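Asker: Using the sequences provided together with the hints, build the complete structure.
Chains as they are written, first to last, in the numbering used here: chain A, 4 to 315; chain B, -19 to 276; chain C, 8 to 452.
Rather than coming from a laboratory, the hints here were simulated on the basis of the structure.
Because the structure is a prediction, the values reported are computed rather than measured.
Worth double-checking, as some hints may not be accurate.
[Said to hold, decoys possible] In silico lysine-lysine, DSS-like type, Cα no more than 27 Å apart, as pairs:
| # | chain 1 | residue 1 | chain 2 | residue 2 |
| --- | --- | --- | --- | --- |
| 1 | B | 45 | C | 211 |
| 2 | C | 386 | C | 184 |
| 3 | B | 45 | B | 106 |
| 4 | C | 209 | C | 386 |
| 5 | C | 250 | C | 271 |
| 6 | C | 209 | B | 45 |
| 7 | C | 250 | C | 180 |
| 8 | B | 45 | C | 184 |
| 9 | C | 180 | C | 386 |
| 10 | C | 209 | C | 250 |
| 11 | C | 271 | A | 75 |
| 12 | A | 247 | A | 75 |
| 13 | C | 184 | C | 250 |
| 14 | C | 384 | C | 180 |
| 15 | C | 211 | C | 271 |
| 16 | C | 180 | B | 45 |
| 17 | C | 180 | C | 211 |
| 18 | A | 247 | B | 160 |
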Amino acid sequence: MSTAALPRTARPVSRPRPDRLRAGELAGAGFVAPFLVLYALFLILPLVLAVIMSLFNTSLVIPGLGTFVGLKNYGELFSDDYFWQAMWHTVLFTLVSTPFLIVLPLLFAIAVHRLSHGRWFFRLAFFLPYILPSAVIALIWTFMYEPAYGLLDGILHFFGLGAPGWLSSTTLTLYSIVIVTIWWTIGFNFVLFVAGLQDSPRDLYEAAELDGASWWAQVRRITIPMLGRTITLVAVLQVIASLKIFDQVYLITQGGGGPNFSARVALEYIYDYGFTSGRVGYGSAASLVLFVVILVISFAWLALVRRQEKGV
Amino acid sequence: MSSHAAETPSRPAAPKARDRQLVQRPDVLFRRCVTGVVIALALLWLVPVAWALDTSLKAEPDTIKIPVSWAIPHLTLSAYSLDFSATDIGRWYINSAIVAVIVTVLTVFTASMAGYALSRQRFRGKPLVYAAILAGIMIPPQALMVPLFREFQSVHLINTYWALILPQVPAPIAVFIFKKFFDGQPIELDQAARVDGASWWTCYRRIGLPLARSAVSAVAIFTFVWTWNNFLWPFLSATNQNMMTIPVGLGTVISGTGIINALQMASAVLGALPLVMVFLLGQRQIVEGVAGTGLK
Amino acid sequence: MTTEPVNRRRFLAAAGGAAATMVLGTACSSTYDVAGGFITPASATGSNTIVYWNLLSGGDGSHMQAMEATYQHEHPHISLNSTVLTWGNPYYTKLAMATRAGSPPDVAIMHLSRLSQFAPANLLTPLDLNLLAAHGMTPSDFTPAAFAKAHYNGRLLAIPLDTHPFVQYYNTKLCRKAGLLDSSGQLPPINGPQALLSALRKLKATGATPAVCDQINDPATPWRIFSTLYSQAGGSILADNGKRIVLDRPRAIRVLSFIDQLAKEGLVQANCDAAGGIALFQNGNAGLYWEGEWNVDVFQQGGLPFSMQPFPAVFGSGVTQADSHSFVIPAQPHRDPQRISNVLTMVRTLLGQSIVWAAGGHIPAWLPTRQSTAYAKLKPQSNYQSVANHVVYDPPAWYSGSGSNMEEYAGNAVAAVMLGAATPQAAYDELYSALRNLSTQPVPV
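Answerer: This is the structure we're talking about:
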């Protein structure tokens, strides 16, 4: 707004500022335009569509919006136990997996970063799974979890232990998927922590060592505070990512959501109703509810972590 | 241990060092234990992949033997050859490559431009745009798959590369990374160039982008990996076999019945191969790339 | 030390470059029409191409491939592009989505129990009897039960390929050890709950796993067991195309209690998925194996001493849950008579090779084969062929059929009993509430 008020003619060469502002006005818009167009088309428009379709009984296989049903989809959704069960599984998955996915890579990174050689090996071991497609993960772990001739049951059998029914127990299946997820995604956070640690100044540790500070004291007094921002970032990204869980559950349970739906997560519920049952309108309503829940949790978590960070 | 002890006295602060070592002895032991544990864990982390590789080289009947064994009684590559003849894996590779490369290029291009503008330029609505991008990081695109599918269905683009590529391009986090990166770079170069009459486009292309090489490589690597591995959206938008990407195609291998463990593990190994090679080539760049961005 | 990683990287770079060149080379060659992917794939295929989708990912898949190869050999000018997709809901979801998106396959395999989901939404092309006759197929050529099931609202929408009932495989070595075989080395039909229990107990006494079936990841099997036993007891489940539930409580409880007893006595191996069931039976550890007949090849190739027979008539009649694979022509945006004719010729050619299909376990719907001596000699596949005349299909509803929501929800309730996680009473309640949930949802087709 302020640029428009500037007189166009008063533009001495020695003062490039107004020129930059005026040209920047156009150029700036042009620079963000490609991104904003895609953003509007594939993030905002679907959101608007979801709001509209959630008020209709839109079908996957019948063209058009269908008939207007008002808030009936939401009414059905809120009274469906399967929906709440699936939402709870998503939240439970996040609650259980997040601490592991923050603490384990942090410990690994701390343990690895002061080793003088062989760091490439740890990077390979911990980061390798992260770059594998979910379908590969599912293939490998379904076979690992196979009753009787799977590797895990084979090991348990070797120690004279019984098979727990990794993917057949209604209580265990979701946790089996948590284990897979920890194995799979730990590498990303590990690399972030390793990168964060590379910046911590060596002389600080040397000074601490001269003072006779123990390894643990160094970790607690230097490493953790140094990593504060990284930990915040990882915590936030991790929670957002975990709430979107779908791939590994869908693939490992072969679309069934585990025994008696004991591992069906929110996105899989949306897929089941929106696509398999062809109820696009109802699926849109479920999508919006999940969408709002993820936003609320993410912002609340961000606020909490930020406050924590400032408090330290 | 003994050689260490013999060396320490030759250091200048010899007496003090000896004192310290007395204090530190349990600490050294502790540190070694930690190292041992982390080595064991790293090996453990490799077990599933090794097991898949091992199984893929077995003959099918040997994959269901009890007790479970790492031994390969009859080494064979038949699972791999079956994979190439029985599935469209070649086609899936090509689709994944096309999609991942184009998405990566478009993402780096659009996000770096937007990030540059947000960092360097002033324009109307800039705070709004920045707020939208920050909020966008929180937006779960997966939760919008139902309407997004409908959107593409209505313009008859399901089963085309457009459907596979375009929705994966807008990544607010990438814009955020670029903005943070440019914020950390000195503005003087751009200002000087502007005074010399260079256009913003020239500044961005000649100064901004070359400076941002580490951010570009980090965003490019992760966009490539994420796109290559993305399952849900390609799974929905490629309803036709010849449009499937690697994760989607491999997903169809999972549900086969009969004794096909070696086939499945061979599929897993083949599906993993391209990115593993990219990773081995660019290990250091990945870590340095992450370190070089605002992502820490 | 320092040159070593460089060498490794150089090697990898070279290898990567070679691989990339290969990929690009194939991409540019005519094998893969990459440019077509930027337009719409539907327009990329000419009328001398047949795009054929199926979900035959089991042992039957290789038989279908053999049949396709014969067709391809006889019709070299047609290019048959066959695709195997994930079985069950994912397959049908994909088929419905592709059909509505305007790029369906020319012909697809569909379970007859699934017509009630596709037909109301007009996703299938009705078939004209005269057109069929012109391609060498008349109604009297097919198993009557299957052909009747190929209709929806009086219109023929599918051409049946087979009937595939739920059957009993038995390990002859273990059954002989348990004293269950007759003088001819066959397992006599097991009739009634006591007979089945006693046979299983005898097997258990030999130290073997008495029976296996899959209960996890695929609720279809528990559903098939329930549906078989419940239908034997004379019950039906749904009415009015799925709008009304007629599940009979005493009958259902009786069936679930029997399943519960099998689990409690350890007569059926718990915690098995499809692959685990096959592995246990193939390893020769299990006496009986309950599954569809499509795994016959696996055990024949594995050299297992086994045979097959109809599923035991536990409660009264010998009715068995079954379904049929059939060929359908999904609704095309532009109906091309030449393509439809090509498809019908292909279907007829495949039906003509029903003996190849039958070897994979399925009972051919094509009567000229089913009544042939060649089929009668095919053992153990023809042991259970009579079952095709008294089978029960899943009740028609938009949410029922092979691998459907109903099988999934109801099968989960039954599986809970098998896994010891629910009492028969609780399972009934869950079964009922799952059916009620499905039947009261607005019909999306």
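Asker: Now tell me if each hint is right for this structure.
Answerer: Against the structure, the hints come out as follows:
{"no.": "1", "hint": "45(B) to 211(C)", "result": "22 Å, holds"}
{"no.": "2", "hint": "386(C) to 184(C)", "result": "22 Å, holds"}
{"no.": "3", "hint": "45(B) to 106(B)", "result": "64 Å, violated"}
{"no.": "4", "hint": "209(C) to 386(C)", "result": "26 Å, holds"}
{"no.": "5", "hint": "250(C) to 271(C)", "result": "35 Å, violated"}
{"no.": "6", "hint": "209(C) to 45(B)", "result": "26 Å, holds"}
{"no.": "7", "hint": "250(C) to 180(C)", "result": "48 Å, violated"}
{"no.": "8", "hint": "45(B) to 184(C)", "result": "23 Å, holds"}
{"no.": "9", "hint": "180(C) to 386(C)", "result": "17 Å, holds"}
{"no.": "10", "hint": "209(C) to 250(C)", "result": "44 Å, violated"}
{"no.": "11", "hint": "271(C) to 75(A)", "result": "44 Å, violated"}
{"no.": "12", "hint": "247(A) to 75(A)", "result": "26 Å, holds"}
{"no.": "13", "hint": "184(C) to 250(C)", "result": "50 Å, violated"}
{"no.": "14", "hint": "384(C) to 180(C)", "result": "22 Å, holds"}
{"no.": "15", "hint": "211(C) to 271(C)", "result": "13 Å, holds"}
{"no.": "16", "hint": "180(C) to 45(B)", "result": "19 Å, holds"}
{"no.": "17", "hint": "180(C) to 211(C)", "result": "14 Å, holds"}
{"no.": "18", "hint": "247(A) to 160(B)", "result": "26 Å, holds"}
Checked against the numbered hints above, the structure breaks hints 3, 5, 7, 10, 11, 13 and satisfies the rest.
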